[in-house]
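Q: Next come the chains, spelled out residue by residue.
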Amino acid sequence: LAKTTQPISMDSYEGQEVNITCSHNNIATNDYITWYQQFPSQGPRFIIQGYKTKVTNEVASLFIPADRKSSTLSLPRVSLSDTAVYYCLVGDGRSPSGTYKYIFGTGTRLKVLA
Amino acid sequence: NAGVTQTPKFQVLKTGQSMTLQCAQDMNHEYMSWYRQDPGMGLRLIHYSVGAGITDQGEVPNGYNVSRSTTEDFPLRLLSAAPSQTSVYFCASSYSSIAGTNYGYTFGSGTRLTVV
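Taken in sequence, the protein lines are chains A and B.
Using our numbering, the first residue of the first sequence is number 1, and each one after it goes up by one.
Using our numbering, the first residue of the second sequence is number 1001, and each one after it goes up by one.
So here's chain B without its partners, still in its complex pose:
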């Protein structure tokens, strides 16, 4: 059982480049989220999804796009990388109640992104 798989693990981008961070889960979880964590800081919510075809913005959505075409995959796209986006990005998934609440996340191991 792979859980939540994030690729790549490390990435260096030049300012202005675009890229997609991949996230896949094999637990049939409805709820998926992307967080970023800057050095020594807490986690901030970028975007989240409660099911295929449904996405919503978190605390810091600017500069990022997401889509959810399948239950398993939730890619995060950086449109035009900036040094302020240097961070560790975590993808997480969980089962969701009928009311839409979260039954506890499983996190991926993260993608360390540096923008120069």
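Here chain A stands alone, though its shape is the one from the complex:
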């Protein structure tokens, strides 16, 4: 079971870089690591996905070490609007029918302060 573990909450100030780490010790060989952002009363929104090393897009970077047992989401220069819950998601292993299911962990509540 690829259970994920993240810090429950983090505080940061506007303009700072925020790094959120997720542990996924039992990630499957062919699975990706995906991060989502969720605001209150909305569905989660895809931020970034990666398999290994480093991935960067217009909003974030994702760092994945060689053993892939953890990953770090990096948000550069956060603003108040980045206050949200952030989830990392990996497959929870194969079910008896051979399919992968995706179970969310508790996520990290990021609060950005002025």
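The hints are simulated quantities; they were obtained by calculation from the structure and are not laboratory data.
All of these numbers come straight from a predicted model, not from anything done at the bench.
Backbone N, C-alpha and C define an ideal beta-carbon position, used for all residues, glycine too.
Heads up, a few of these hints could be off.
One-sided and incomplete, this derived list gives chain A residues near chain B with beta-carbon spacing under 7 Å [said to hold, decoys possible]:
| # | residue |
| --- | --- |
| 1 | S79 |
| 2 | D82 |
| 3 | T83 |
| 4 | G91 |
| 5 | Y100 |
Based on the hints, put chain B in the right spot on chain A.
A: Only chain B this time, still in chain A's reference frame:
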């Protein structure tokens, strides 16, 4: 491009009633899932499907049925509503690799269900 469309957006049911939450996507995604999110809590997987005709149970499947007759639609049926099923229900879809892994979900806007 509509993405993932969920209907209705709000629903109030009486205990014991049944209903179907609708979910449709127009992105030709193979993989679809239903999650529920109770107030202040995380998302819990109810059922998922890796393609038409294939469904599987998640963490909390009891009290819910699903079917997947087409790639586009993945309805969730509540068999006999209970107050414990009061929650926000999210449908999500994604492309799937040959190995069956998920390439990142697109979520719908949710259905807020209250059971009284």
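Q: Find the hints from earlier in the document that the structure breaks and name them by number, from lowest to highest.
A: 1, 2, 3
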